[in-house]
Amino acid sequence: MGESARRAVGPLVALLAGVIGSVLLALWSGDLPDDVASHFRADGTADRFSSVTELIVLTSVTGVVGAVIAGVGAYFVKEPVTSRIVAALGSGTAVFVIAVTVWITARQRGLGDSTEATAPAWVMICCALLAIVVAVAVAFTTPVHAIDYLREAAVGDVPVSGDGRRTWSGTASGSAGGLITVGATVAVLCGLGVVMANWFLIAFAVIIAVAGLALTGSVQVRVSDEGFRAASKIGWPVITMPLSEIRRAEVVQVNALRDFGGWGYRVSGRRHLRGAKGFVLRSGEALMVVGDHRRELVVVDGASDAAGVLNALVSR
1 MGESARRAVG PLVALLAGVI GSVLLALWSG DLPDDVASHF RADGTADRFS SVTELIVLTS
61 VTGVVGAVIA GVGAYFVKEP VTSRIVAALG SGTAVFVIAV TVWITARQRG LGDSTEATAP
121 AWVMICCALL AIVVAVAVAF TTPVHAIDYL REAAVGDVPV SGDGRRTWSG TASGSAGGLI
181 TVGATVAVLC GLGVVMANWF LIAFAVIIAV AGLALTGSVQ VRVSDEGFRA ASKIGWPVIT
241 MPLSEIRRAE VVQVNALRDF GGWGYRVSGR RHLRGAKGFV LRSGEALMVV GDHRRELVVV
301 DGASDAAGVL NALVSR
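Residue 302 in my numbering sits at position 302 of the sequence shown, with consecutive numbering throughout.
If you are wondering where the hints come from, they were derived from the structure by calculation, not from laboratory data.
Accuracy of the hints is not assured; some may be wrong.
Simulated restraints on C-beta separations [as the list claims (entries may be wrong)]: (1) Asp35 / Phe76: 39 to 45 Å; (2) Arg270 / Glu54: 21 to 27 Å; (3) Gly164 / Ala5: 46 to 52 Å; (4) Gly269 / Asp157: 18 to 24 Å; (5) Ser51 / His145: 41 to 47 Å.
By construction, the Cβ of each residue, glycine as well, lies at the ideal position given by its N, Cα and C atoms.
All chains, please: the whole structure from these sequences, using the hints.
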């Protein structure tokens, strides 16, 4: 598949979802109540109703809007990571909204009174899983616009070690802010789950807790003849860049909120750090490893020493 065809995957998926959803709703119109349940309370009972025509219009518009967003990401956003994220969000969100609309409508075929319709949590979960699969597939299919970071001036110090060391290792630890954010999110979700007697929310809180600890806990960082590696203690996420792909290492000052919008495994969209991604567990001095087409970053004590060793290895 050529590059142009791969860029079109995200927009086409969203448009296809809109077309299929609209056709199915139109074909089912004779089997549906005059007013179809279109929104549900937390307990799964209907509280809002729409005509089939309104649902068809909503589905069509959702497909078009999703395609436009995915197209902007695939064709116009130049930063590699952001490009894939925008394309994935456009197609994945469209698929989720359309899948939910079609599925809960299908459950009302042959129903005499739409007030009897329900939308169990497992329907939402299945639609969400489908949307995630689609978004991931689109993200990996969409080709990136290569950015030659080597041509850009360094945005931080570029130290070189002169003591002959060939390895460096350290641990990047999380800040109280990141842990508090994860804890507060988990507490709110658990509280809502208990109040609403919704085990899905409680299970989701557990997933958030595990993922949050993985992303905001601690990270092992190593520089050696093999290159650069940074990984959480559970082994994922992990960043690796072989020495042959490294062009230089820089030391930059990072503000987690201002430059990356928070803590964890992040991507920056801010000015000189635009496109840099990696582990930002707190604010402070960061090691940024620059390749031809990517910049990987980790905020860690001893970033200057790490950069010095890595630059010495690269110069050899």
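Beta-carbon spacing of glycine 164 to alanine 5 - inside the hinted bounds 46 to 52 Å or not: holds, 51 Å
Given the hint of 21 to 27 Å, is the C-beta distance from arginine 270 to glutamate 54 inside that range or not? 41 Å Cβ-Cβ, so the 21 to 27 Å window is violated.
Does the beta carbon distance between glycine 269 and aspartate 157 stay inside 18 to 24 Å, or does it fall outside? holds, 23 Å
I want to verify a distance hint. Is the separation of the beta carbons of serine 51 and histidine 145 within 41 to 47 Å? Since serine 51 and histidine 145 have Cβ atoms about 43 Å apart, the given range 41 to 47 Å holds.
Just to be sure I understand the hint, the distance between the Cβ atoms of aspartate 35 and phenylalanine 76 should be within 39 to 45 Å; is that true here? Holds, at about 40 Å.
Of the hints listed earlier, the one the structure fails to meet is number 2.
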